[in-house]
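Undergrad: Assembling the complex is the task here: the two chains are given apart, and the hints tell you how they should meet.
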Amino acid sequence: QKEVEQNSGPLSVPEGAIASLNCTYSDRGSQSFFWYRQYSGKSPELIMFIYSNGDKEDGRFTAQLNKASQYVSLLIRDSQPSDSATYLCAVNSGYSSASKIIFGSGTRLSIRP
Amino acid sequence: DAGITQSPRHKVTETGTPVTLRCHQTENHRYMYWYRQDPGHGLRLIHYSYGVKDTDKGEVSDGYSVSRSKTEDFLLTLESATSSQTSVYFCAISESGTGGDEQYFGPGTRLTVT
Chain H
1 QKEVEQNSGP
11 LSVPEGAIAS
21 LNCTYSDRGS
31 QSFFWYRQYS
41 GKSPELIMFI
51 YSNGDKEDGR
61 FTAQLNKASQ
71 YVSLLIRDSQ
81 PSDSATYLCA
91 VNSGYSSASK
101 IIFGSGTRLS
111 IRP
Chain G
1 DAGITQSPRH
11 KVTETGTPVT
21 LRCHQTENHR
31 YMYWYRQDPG
41 HGLRLIHYSY
51 GVKDTDKGEV
61 SDGYSVSRSK
71 TEDFLLTLES
81 ATSSQTSVYF
91 CAISESGTGG
101 DEQYFGPGTR
111 LTVT
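Taken in order, these protein sequences are the chains called H and G.
Throughout the first sequence, residue numbering follows the numbering used here, covering 1 to 113 in sequence.
Throughout the second sequence, residue numbering follows the numbering used here, covering 1 to 114 in sequence.
Same shape as in the complex, but just chain G (with noise of 0.2 Å):
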């Protein structure tokens, strides 16, 4: 999986509470992205980061937040977690984020609010 690590891998939590994935890259690429892939959505960008510190939204960012403190981890807050967030957590990581500039994906997180 190129170098990228998400953990958790799988979570159970509920309604209200609050949860942070982690993303971490050992391949120094400055663009990293949070995606989520629903059945008949296919993958959705949340939010990606072009540098440290350096964070935009995506498609579905509403009730998501990140922060990247160092180039190598990239988290994805869930501030209040609710039903419509269960699923798979996708992180994926670019060298230029250019248009013509392939992404790599981590394993997943498989999250699963009750």
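Excised from the complex, chain H in its bound form (with noise of 0.2 Å):
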């Protein structure tokens, strides 16, 4: 079993909808999560970081943890063309470790006009 989860897509998504990417994870200790963006041929670029069960919102952004689903997801509202990329689930089970953090595969997301 996988530590982190996601669904690999690709997800397809209209112009100016809602997208929702999930993540799952197995480690009930986990601490923190992250959301990174990786466009096609470049590197993964850090977009959202949520540490507490909620909802925490950042522009057109919004990351949900619920840990006792053990679940992370990220929502993304007015989708637009440039928002297609994949976007990587990260979960860091260690406070003070460095080498837990675990990534997903990564779901692929693509926004039709």
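It should be emphasised that the hints constitute simulated quantities derived from the structure, not laboratory data.
Mixed in with the good hints, there may be bad ones.
As the list claims (entries may be wrong) - Far from chain G by the CB rule (all over 12 Å, computed), these chain H residues:
#1 6
#2 32
#3 43
#4 54
#5 70
#6 110
Said to hold, decoys possible - Computed cross-link-like contacts, EDC-like style, restricted to lysine to aspartate or glutamate with a CA-CA straight-line distance of at most 20 Å:
#7 11(G) <-> 79(G)
#8 56(H) <-> 102(G)
#9 67(H) <-> 57(H)
#10 42(H) <-> 38(G)
#11 67(H) <-> 101(G)
Just so we're clear, the structure is a prediction, and the values are computed from it rather than from any experiment.
All residues carry an ideal CB built from backbone N, CA and C; glycine is no exception.
TA: Here it is, written out as structure tokens:
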């Protein structure tokens, strides 16, 4: 069983709609959660992080964390063609261990005009 | 790319040859990481460093070694390259290395082993 799971996609969403990306993780001790965006041929870019249960909003992006159900999600409102990319979920299980960051395989998002 | 450079950006090498990839940062961050990214596997940690001359293994360290003689430089060496090491290699940095610390990535090195 993978420690961090994401649907590989592609997820196709019409422009202007809400894109919903999901991620589940296996380690109940996980403390911090990150979303990275990666354009084709480029490096991952951090777009959101969340540590506490609930929602965290930043512009068009909202991260949602539910530790009881062990999932974290990313909502993108008013989706734009420039949001088309692969989104990586990353989970850190130990607050003092740099080696415990685990990345999911990513979900490919395509915004259709 | 948060003051991180990687060299070379592309390399083709033959099986059995040694290869060294370089990561250079100008952010003075304490932690540096080497990842590889392969289709279907996402990013996997190879080695990381938590200070000059202080390194530790990650998830997929076999066949790789690292060195850090200066804060700003972190080298990844493939002692004898194999075709299974064909991949895209990313360097990342973070300030403190704690669980809540964000990592920032370099532009990547595409390595092909023939």
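Undergrad: Would you mind marking each hint as holding or not holding in the structure?
TA: Okay, the hints, checked on the actual structure:
no.: 1; hint: 6; in the structure: violated (8 Å)
no.: 2; hint: 32; in the structure: violated (5 Å)
no.: 3; hint: 43; in the structure: violated (4 Å)
no.: 4; hint: 54; in the structure: holds (16 Å)
no.: 5; hint: 70; in the structure: holds (16 Å)
no.: 6; hint: 110; in the structure: holds (17 Å)
no.: 7; hint: 11(G) <-> 79(G); in the structure: holds (15 Å)
no.: 8; hint: 56(H) <-> 102(G); in the structure: holds (16 Å)
no.: 9; hint: 67(H) <-> 57(H); in the structure: holds (18 Å)
no.: 10; hint: 42(H) <-> 38(G); in the structure: holds (14 Å)
no.: 11; hint: 67(H) <-> 101(G); in the structure: holds (19 Å)
Comparing the model with each earlier hint shows violations of hints 1, 2, 3; every other hint is respected.
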